[in-house]
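Chemist: Given next are the chains, with one letter for each unit.
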Amino acid sequence: MAESDQISTDDSYASEAGRQLAFYAVFAILLLGIVIYGLSFVVKLTGGGASGKAVDFENNSITISVAYDPPQLDSMRATDASSFLVLAHVLEGLISNDEDNNLAPGVAERWEIREDGAIFWLRDDAMWSDGKSVTAHDFEFAWKRVVDPKTASEYAFLLFPVRNAEAITEGQMPVSSLGVTAVSDRELRVEFERPTPYFEKLVAFVTYFPAREDFVNSTDGRYASSADTMLYNGPYTVDEWVLGASMRWSKNPYYWNDNKGFLDEINVAYITTDVNAKLNLFKDGQITDTALSASMLPEAMERRWQIDRLMDGTVFFMEFNHRDGRLTNNRNFRRALQLAQDPAELVYKVLKEAAYVPADSLFPSWVRGAEDFLHNEYPPHRSETDIALAREHLELARDELGLTEFPPIVILTGDSSMGLLTAEYYQELYKRNLGLEIRIDAQIFKQRLAKMTSGDFDIVMAGWGPDYDDALTFGDLFSSWNLNNRGRYSSSEMDAQVRIAQAELDPVKRAAAFGEIQRLVHDDVVIIPMYERGVAFVVDPQLVGFRRRSVGPEVDYNYVQLTPLRKP
Amino acid sequence: MPNGHAYDFSPLRRTEISQSQSRPSLSYWQDAWIRLKANTRALISLYLLIGLLIFTLFGPLLWNIDPAAQDLDQISRPPGEDRRALIVPEYSPWTGSASDLEVGSGQGLRLIGEATTQSIRLGWDPTDTVTGYRVYRNIYPIGQERAYGIPRAEFFDSRIVNFEDRLDLKEGIYYFTVVPMKGKEQLLDLTETLAVEVKRVTTVREANQKGLIGLTEELGVGDFIDLAFHPLGTDYLGRDMLARLMAGARVSLFIGIGAPLFFVTFGILFGATAGFLGGKTDQVMMRFADFIVALPFLLFMILFKIAFGIGPGESGIGPMLVALVVLMWPATARLVRGQILQIREQGYISASQLLGGKTLYLILRHMLPNTLGVVLVTLTFAIPSAIFTEAFLSFIGMGVAPPTPSWGSMSNEGIKTMLTTPHELIFPAVLISVTVLAFNLLGDGLRDALDARMRNQE
Amino acid sequence: MAIAAFITKRLIQGVFTVWFIATATFFAMHNVPGDPLLNERAMTEAIRANVEAKYGLDKPLGTQYLIYLSNLTRGDFGISFTQENRQVNDIIREHFPVSAILGVLAVLFAAVGGILWGALTALYRNRIPDYLIMFFVILGISVPSFVIAALGQLVIVNMNSALGITLFPVAGWGTLGHMLVPSMVLGLGTMAYLTRLMRSSMLEIVSSDYVRTAKAKGLPPARIFAKHQLRNAILPVITVLGPAIAAITTGGFVVELVFAIPGLGRYFVQAVQQLDYTVIMGTTVFYGAFLVFMVIFVDVLYGLIDPRVRMS
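Heads up: the sequence lines are chains A, B and C, in that order. Numbering of the first sequence is given in this note's numbering, commencing with residue 1 and proceeding in unit increments. Numbering of the second sequence is given in this note's numbering, commencing with residue 569 and proceeding in unit increments. Numbering of the third sequence is given in this note's numbering, commencing with residue 1027 and proceeding in unit increments.
Derived by calculation from the structure, the hints in this document are not laboratory data. One or more of the hints may lead you astray.
[Unchecked claim] Derived pair list, reagent style DSS-like, types lysine-lysine, alpha-carbon separation capped at 25 Å:
1. A:352 with B:984
2. A:352 with B:926
3. A:132 with A:44
4. B:738 with A:352
[What the hints assert, rightly or not] Beyond 12 Å from chain A on every Cβ pair, some chain C residues (computed):
5. 1041
6. 1085
7. 1102
8. 1119
9. 1264
10. 1273
Note that CB positions come from ideal geometry on N, CA and C, so glycine has one too.
From just these sequences and the hints, can you work out the full model?
Modeler: Here it is, written out as structure tokens:
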């Protein structure tokens, strides 16, 4: 107390009591310190992983952060990006992707794709993390387990090109009838249900990864639910997995490829979806890389970071409900909505994300056609905004539908801030340009899916990311039989083109079919493409070989090496 | 004097005031009001709250701007920024035709046309031996670190030598860099950088749409105009912050005051009934209240909110209100019951009963008014917690549905751009804080003022 | 013995309350619109039926409820819907300790801070320390927790970069440094509340008769303060501590999200968004039970500390 102007009885009481209080305070703080010290031991048991340094040259290790804990690491049942990310580092399929995203030999040394099937010849030196060899039987077992109804794998549809796969998942045929046979330990034969020219790209996907029968059976139904109930054949192994908290991957000593897996250890120390927290971790030198959202860019520039960007593969669009009786079943109505908007304005003024690109097509710009990018071979119809023409189409629609007044249109969207932002923008846009009343229906993930499935919407804000690196992963989306065609668009013309794209062996004719699909999607206004999502990111400059990918794991550390910075 | 006579007794002269009353007789409420008035903090809070209500209810009449209207020329603008803009022709797409690129050809990286907030068009000279280009943009000079800034485009074709940037352009200087690529390798020696100064512009159509051009005014391309005025700036969609704060106040205060009013009323009825009836009924009713108290509040709040569901176009205020009421009434009920139990035993109740007071009269005239003080205090403390609950739900993405604004959802959006445009966080957060604070201080003041024990102190 | 009977009675009531909670949650959840089994990629009917059978969702709701209850009595919360190979029991066992440590620490901070500040402000009433502390207390009460959490993190980052070392980790879990700032942020609101409570109860006591008597008897101030004022003022603080522990432990979502802490709160929010039935049920019932028994525990404790309170 600084003030000591007057001494009253109260003041002397206060000062004496204050001294007593200070004594108690010291005591309490000491006690608190002891408790905290004690707790710090307990805390180590519940978390762990955070090493305090993004790049550790001594141990040749790095520390990273991921968005979610993988729900599980069972490659035969995994359906989500966070599992795919881990699996791409710890398992390897017959074929894998190299540094430049080209197909490269994985467990298979060479392969042959024919019209009616495929043959894979496996290498001798591919091993599991317990030192046993990876054999053709491991693939046969894994693929059969995927289609087994008992497994209830949601990604089983990816195996449908294999003979009888679809019938097996429906329980109409025995699992043993799947068209895959391990002729020997080193040779795997596959029979096709129909010609599948893009099969080699499918095989690179997680669902086609191997698993060893004796090991899976020994885990008592808990395969890949923890670090020790799993076998690895990729560049890294999962050493330690504290559920929901952290993971540690270590170099797999049995891995065959010398050009992958240079690090001794990768610590997945932070699991968070909070981009600001990730940025703060990066700034503090705790993690090797982070994505940068629009609002972070000024700071990133101020800090003189080397910013990079990549398309993450996903295309976002407004999908119409084409079911009978819906307003959006009317083509003129859809055309009016198409003409009244401009994806460039959405991306450049509203979303402001540096790595997003306005979309004109169902196919993203990175998808390849026969020889070049599909967009170069078949340029998409550039979007043209013409509000006067849009109003004309709206009048036509009004006449065709026999309406005097348009009822409110429901836009279904998720609860992500991007989804809401987009919906709010379009709500105002269509009110201004067309005088339409839009109602936003924002729902949590599962409720949105339920409404999408049952068709309880006029327009849904949807996105589609690639499962495999082929145009068909986008191209077959609006075939009448595709269950992911949530708006139930159905046209014989579209179906015919999709069938060509599925089975045509000539790449040029196949690309032409994709070009035709692209035109149909625009002309018939099946959807209104909005943007291709991309990500701006920054990586610790001491990392070499860091990759982000449009298809497959979004972040790839398989080729990462550490090099000290040269002082300029 | 053992024997008294009549003359001994003279009538006492009436003095002016036989017994001076130390203070005027005051009712409970008058007394409380006087005490409240003496409490400066509580009084200021009260005026603040009245001010807030006026802001919410009458503000929109004075500042009659649609809180949903988007001004895409002015996105995330802090208050008090320069609004002057040049009128330019309507934007038309640019293909980078040969004739455009001819101008200044051979001078390397150059600006084509004018650099405006509408678009920046760049051209450069093709280099043989390369396979493509990358274009970067920075708001700071490149410097020795070769910090080129944001990658804006990649071209995998050496013949493409033009680029148009339209991404989130603001007035000021931009530094563009074109890096020729050979495969994956950046050819740093051939890199060119250009500083571009950008002018703020708008178009006649935009200006007309926003009503910026008066009927008699004749403005055309080349003239300057003031863009729409936003006293507190705009948010991430170019919406007027002031209008949104007023609209958001309606939601936040409706939840904050409405929910407590409902559950306090319900709590009073529930508690009074239980307390008055007593016995088995009381037991059962209070066990039920205990059960509600035992529900993990936030978890159930979220569950209820989801369970009630929100239809298209609905803001979801209703379900949130119901959930709050369902979960928050027991505290009041317990309090009122306790009070009623106490009061029931008081002398004046028996007196009133003896005088023939009916049950209903007893409850309305004697019991409830006597619990009112406690209830009022509970209410003022319940309001901040309801406002916080709304804000918290917005934070985890389960608040009111857009485009309906609320202070909670506005702060949550603002937090994302905390460093670049702090005004989007500061305004709603300050309003939440001020409201919560004012109710807390008022509650404190009320408690002091209404507490009978404090009556004779000071 | 009276005390044993009291505890038994309260425990039995507690068990019933937990059962009610389980029932209420079960039916509330099954009425939530939406389909927990749907995923980004659509499933064929056949695959869907297989998945449904796996989780027992093909049975009528009543049967599901009975199965759930019988599992519950055995302490089995089932398997997570979204984390297919993971037992809800495991999830709780892994993540609750994290939330609990965070919560305990936050409550400790809040209690120690609240009592000390409260006593201090009462002693120096209407003087600079009082105003200063009360200003921060008011700030603590009136700023939303997510704003405080975000600001807290920002302060750490800037402090670290100014010092050039990592004084406190920015986020994550696993060491002493990781727990300090988040638990302070988490405990801030409660601390502010306790400070106010402590201050007013200190002031009430200082003007009470027994303190006056003690002063009149000429007892040394330090003794009066320690024996009478502080000790009696702490009692009301302890009463609110029970609910506060429960509220803090169950309400750590915000801090867990912002600081990337693998606590149970984060799991719950995720589970709700994913409609993960078993995890929602497990978390709610577990927390409900925790809350109920915490309150009972505090009541009993209070009865032991304060002889005026009768066990009835």
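Chemist: Are all C-beta atoms of chain A more than 12 Å from that of residue 1273 of chain C?
Modeler: Residue 1273 of chain C is indeed farther than 12 Å from all Cβ atoms of chain A, at 20 Å.
Chemist: Just want to verify: residue 1102 of chain C was marked as not at the interface with chain A; is every Cβ pair farther apart than 12 Å?
Modeler: The claim holds: residue 1102 of chain C sits with its nearest Cβ about 15 Å from chain A, beyond 12 Å.
Chemist: Verify that the Cβ of residue 1085 of chain C lies farther than 12 Å from every Cβ atom of chain A, and report whether the claim holds or is violated.
Modeler: At roughly 16 Å from the nearest Cβ of chain A, residue 1085 of chain C sits farther out than 12 Å, so the non-interface label holds.
Chemist: Is the straight-line distance between the alpha-carbon of residue 352 of chain A and that of residue 926 of chain B 25 Å or less?
Modeler: Violated, at about 70 Å.
Chemist: Is the straight-line distance between the alpha-carbon of residue 352 of chain A and that of residue 984 of chain B 25 Å or less?
Modeler: 14 Å, holds
Chemist: Regarding the assertion that residue 1041 of chain C does not contact chain A, is the least Cβ-Cβ distance greater than 12 Å?
Modeler: 29 Å, holds
Chemist: Just double-check residue 1119 of chain C for me: nearest Cβ-Cβ distance to chain A has to come out over 12 Å.
Modeler: 9 Å, violated
Chemist: Given the proposed pairing of residue 738 of chain B with residue 352 of chain A, does the C-alpha separation stay at or below 25 Å?
Modeler: It holds: about 12 Å lies between the C-alpha atoms, which stays within 25 Å.
Chemist: Sort out whether residue 44 of chain A lies within 25 Å of residue 132 of chain A, counting only the CA atoms.
Modeler: At roughly 35 Å apart (the allowed maximum being 25 Å), residue 44 of chain A and residue 132 of chain A break the hint.
Chemist: At 12 Å, judged by beta carbons, does residue 1264 of chain C keep clear of chain A as stated?
Modeler: Holds, because the least Cβ-Cβ distance between residue 1264 of chain C and chain A comes to about 15 Å, which exceeds 12 Å.
In this structure, the earlier hints numbered 2, 3 and 8 are contradicted, and the remaining ones agree with it.
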